[in-house]
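Spelled out from the first residue to the last, the chains are:
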Amino acid sequence: MAYESYVLVCGGTACCSGGGDKIVEAFAKELEAAGLKDKIQVVTTGCLGFCEQGPIVKILPQGTFYVQVTEKDVQEIVKEHLVKGRVVQRLCYDPEQAKKLVAEANIPFYQKQYRIVLRNCGVIDPEKIEDYIARDGYKAIEKVLFEMTPEQVVEEILKSGLRGRGGAGFPTGMKWKFAMMQPKGQKYMVCNADEGDPGAYMDRSTLEGDPHSILEAMTIAGYAIGASKGFIYIRAEYPLAIHRLQVAIEQARDLGLLGDDILGSGFSFDIELRFGAGAFVCGEETALLQSIEGNRGMPKPRPPFPAVKGLWERPTVINNVETLANIPVIINKGADWFSKIGTATTKGTKVFALTGKVNNSGLIEVPMGTTLREIIFDIGGGIRGGHQFKAAQTGGPSGGIIPPQFLDTPIDYESLAKIGSIMGSGGLIVMDETDCVVDIAKFYLDFTVDESCGKCAPCRIGGRKLLNYLNKITDGRGTEQDIKDMELICDAMNKASLCGLGQTASNPVRSTLRYFMDEYMEHIKDKKCRSGKCSKLIQYTIDPAKCKGCTMCARKCPAGAITGTVKNPHVIDQSKCIKCGQCEASCKFGAISHG
Amino acid sequence: MAKLTLEDLRKMRGEKQKALEMRDSSNKDIQVVVGMGTCGIAAGAKDTFTALINALNEKTLTNVLVRQTGCMGLCHSEPTVEVVVPGMPTVIYGNVDAATAKEIVEKHILGKQLIEGKILDKPSIDIVKNG
Chain A
1 MAYESYVLVC GGTACCSGGG DKIVEAFAKE LEAAGLKDKI QVVTTGCLGF
51 CEQGPIVKIL PQGTFYVQVT EKDVQEIVKE HLVKGRVVQR LCYDPEQAKK
101 LVAEANIPFY QKQYRIVLRN CGVIDPEKIE DYIARDGYKA IEKVLFEMTP
151 EQVVEEILKS GLRGRGGAGF PTGMKWKFAM MQPKGQKYMV CNADEGDPGA
201 YMDRSTLEGD PHSILEAMTI AGYAIGASKG FIYIRAEYPL AIHRLQVAIE
251 QARDLGLLGD DILGSGFSFD IELRFGAGAF VCGEETALLQ SIEGNRGMPK
301 PRPPFPAVKG LWERPTVINN VETLANIPVI INKGADWFSK IGTATTKGTK
351 VFALTGKVNN SGLIEVPMGT TLREIIFDIG GGIRGGHQFK AAQTGGPSGG
401 IIPPQFLDTP IDYESLAKIG SIMGSGGLIV MDETDCVVDI AKFYLDFTVD
451 ESCGKCAPCR IGGRKLLNYL NKITDGRGTE QDIKDMELIC DAMNKASLCG
501 LGQTASNPVR STLRYFMDEY MEHIKDKKCR SGKCSKLIQY TIDPAKCKGC
551 TMCARKCPAG AITGTVKNPH VIDQSKCIKC GQCEASCKFG AISHG
Chain B
1001 MAKLTLEDLR KMRGEKQKAL EMRDSSNKDI QVVVGMGTCG IAAGAKDTFT
1051 ALINALNEKT LTNVLVRQTG CMGLCHSEPT VEVVVPGMPT VIYGNVDAAT
1101 AKEIVEKHIL GKQLIEGKIL DKPSIDIVKN G
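Chains as they are written, first to last, in our numbering: chain A, 1 to 595; chain B, 1001 to 1131.
Take these hints with a grain of salt, some might be off.
[Unchecked claim] Okay, derived cross-link-like pairs now, DSS-like style, lysine-lysine, Cα gap no bigger than 25 Å in a straight line:
no.	chain 1	residue 1	chain 2	residue 2
1	A	39	B	1018
2	A	556	A	525
3	A	309	A	333
4	A	128	B	1046
5	A	37	B	1003
6	B	1107	A	333
7	B	1112	A	29
8	A	495	A	484
9	A	139	B	1059
10	A	143	B	1046
11	A	418	A	455
12	A	159	A	143
13	A	128	B	1011
14	A	39	A	29
15	B	1018	A	128
16	B	1112	A	39
17	A	128	B	1107
18	B	1003	A	143
19	A	465	A	300
20	A	37	A	22
21	A	455	A	128
22	A	472	A	579
23	A	139	B	1011
24	B	1016	A	143
25	A	29	B	1107
26	A	84	B	1112
27	B	1112	A	37
28	A	576	A	536
29	B	1112	A	333
30	A	333	B	1046
31	A	139	A	300
32	A	484	A	546
33	A	139	B	1046
34	A	229	B	1003
35	A	548	A	533
36	A	159	A	29
37	B	1112	A	128
38	A	139	B	1107
39	B	1018	A	143
Hints were generated in silico from the structure; no laboratory data involved.
Just so you know, these numbers come straight off a predicted model, no measurement behind them.
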């Protein structure tokens, strides 16, 4: 009863506009003619990705992937491929590869993603420990506990080149080494699952989809540094992730994979959950430790670093969820394997939460060195609704805005820092021409001012002042001196704040000033917001060609801002206009518009 | 469950892996996997799950396993459902509401036909091989 083959014609928006439905019709006709109608099903799909090479046709079960297919190609596909079984090589993305009749997995587009951290997400049932075990789960811990010394484990992580995925990019192996070298005694291993960046949900997905990977990684880390106790500090806003972790911990304890004498190795390690309560600053490591201790989350000066003196003054290693998710794989497959992925300075992959004005928003994982263009246009399917790419924002409130000229920048810690942004935890927000950069800077400052703990003056006062200036500008009361003052404050905050929150809070302002100064100037000098986002800068204008001089708008205007004589075009005095919109609503000739 | 020794763990892994392989090759079980990360649930995955169970009960199909998983990464088209029917290519459907769930049971599982307009592609390859 099942069909022999399936012809999938991509029905995504890009392919549709490229003639997808004509292709479907052509297939139906040709298959009928070839007598294959009952043996082969033609189906329109949702977006198959790879929009730049559409229209896409995929043949299953072989997995042949045809690109840039036209109506005229259909007959050849049916006659050659479906009837005779010969792949039409000229239509394949890579004809060389097609010669070997390789399955879709090797199409370069699909190779743009490389799931290491997310290896089990979307594959296993996260509430079944057996699923995790079957997919090489708890295999790394076997190797570590029975075949490696703590020094060897640290060496392997160092060799891999893994750097902290929370955003700062500190070499993970180094951090573990510092803690391992501290004198024996009570030490702690902490997982930072606070994930405070707005729009970032990589850690949440990893915890919800593969909680055991984190438990195993923490146990490995505990063994390496000499810690017997671990804490996962997770934000209370993640109830599903919390639930899955609780189930996972319970299951691991039941099987003796957590607790005393794990697998009979003599090593004991257990994990406790601690919940955040909505403070972004508690994602900062020293504030996080304060929070676990039961104090208000406020950062402390470093040195001493937590690896030397952390939780309750004991040596503590704190790692981000994504950093930890890499650990079991590095142990299983080796540091050499891992260090071959990525760029010279930045190894491995990065998970991004691709959101904003893209077609295919979602969670992606790409090798370091992938360019922004590939992420936004190949994987992301380009800008939604036919709009134009304006900028991309990485790193959340600590990050910077990246304009079109840097679309071919390969993603790694250094190259992003060079253009004024940071890798951050992985939030990647795409903007189009309807987004206002001043408004974006204001949004992020609003957030960081709210979240500032208030302990140090540069952040507490500087952040508030920056926000005030931005409000001034978006209200139409900005001056050029404001720009100069903002630049000074940004510099001060960056150099003198106590923690990363204050040090990086000015990044959205700095980067928008750097790349979009003309937009700021438009707000200040012309009192205009080209994206139409800043409501106080919207200008109402009367088109003299359409205006009949009926005087209706002048009579409706509550501010007396419209002047003109009967049967002559009227004019709006912008200095008096309060942007209420009554004039536009009352004009029967469509002569008034705003923008 | 008793605490595992090293040998117990290795035995368990071997058995579970074999079970997975047997399921794939002996063509006995149909699997429907529903993405139940927060993104999926927010888009209605729990209703989808219930609709699938109801539709299967209605048609008294007993050889279909419905299970949950985490986020598949296709957040733009949640709820997502992966359908594994032996003899047919494995596909992932997006935007699966209760009505589409019913279609999956009636058209795909029973009718052995793919459903129009909803197929997405797995956005990635799983490169971490077993063993």
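Comparing the hints with the structure gives:
1. A:39 / B:1018: Violated, at about 33 Å.
2. A:556 / A:525: 29 Å, violated
3. A:309 / A:333: The hint is violated at about 32 Å.
4. A:128 / B:1046: 18 Å, holds
5. A:37 / B:1003: 57 Å, violated
6. B:1107 / A:333: 42 Å, violated
7. B:1112 / A:29: 22 Å, holds
8. A:495 / A:484: Roughly 17 Å separates the two Cα atoms, so the pair holds.
9. A:139 / B:1059: Violated, at roughly 41 Å.
10. A:143 / B:1046: 39 Å, violated
11. A:418 / A:455: 30 Å, violated
12. A:159 / A:143: 17 Å, holds
13. A:128 / B:1011: At roughly 17 Å apart (the allowed maximum being 25 Å), residue 1011 (chain B) and residue 128 (chain A) satisfy the hint.
14. A:39 / A:29: Roughly 14 Å between the alpha carbons, so the hint for residue 39 (chain A) and residue 29 (chain A) holds.
15. B:1018 / A:128: With a Cα-Cα distance of about 16 Å, the restraint between residue 1018 (chain B) and residue 128 (chain A) holds, given a limit of 25 Å.
16. B:1112 / A:39: 12 Å, holds
17. A:128 / B:1107: 30 Å, violated
18. B:1003 / A:143: Given that 25 Å is the threshold and the Cα spacing comes to 18 Å, the pair holds.
19. A:465 / A:300: Judged against 25 Å, a Cα distance of about 24 Å means the pair holds.
20. A:37 / A:22: 17 Å, holds
21. A:455 / A:128: Cα-Cα ~44 Å, so violated.
22. A:472 / A:579: Holds: residue 472 (chain A) and residue 579 (chain A) sit about 17 Å apart, inside 25 Å.
23. A:139 / B:1011: 12 Å, holds
24. B:1016 / A:143: Within the cut-off at roughly 19 Å; holds.
25. A:29 / B:1107: 23 Å, holds
26. A:84 / B:1112: Roughly 24 Å between the alpha carbons, so the hint for residue 84 (chain A) and residue 1112 (chain B) holds.
27. B:1112 / A:37: Answer holds: residue 1112 (chain B) to residue 37 (chain A) is near 15 Å, not above 25 Å.
28. A:576 / A:536: Measuring from Cα to Cα gives roughly 13 Å; hence the hint holds.
29. B:1112 / A:333: 40 Å, violated
30. A:333 / B:1046: 37 Å, violated
31. A:139 / A:300: 38 Å, violated
32. A:484 / A:546: Judged against 25 Å, a Cα distance of about 43 Å means the pair is violated.
33. A:139 / B:1046: 33 Å, violated
34. A:229 / B:1003: With Cα atoms ~19 Å apart, residue 229 (chain A) and residue 1003 (chain B) stay inside 25 Å; holds.
35. A:548 / A:533: Distance ~30 Å between residue 548 (chain A) and residue 533 (chain A) Cα, so the pair is violated.
36. A:159 / A:29: 59 Å, violated
37. B:1112 / A:128: Not satisfied, since the Cα-Cα distance of roughly 30 Å exceeds 25 Å.
38. A:139 / B:1107: 41 Å, violated
39. B:1018 / A:143: 22 Å, holds
Hint compliance for this structure: hints 1, 2, 3, 5, 6, 9, 10, 11, 17, 21, 29, 30, 31, 32, 33, 35, 36, 37, 38 are broken, all remaining hints hold.
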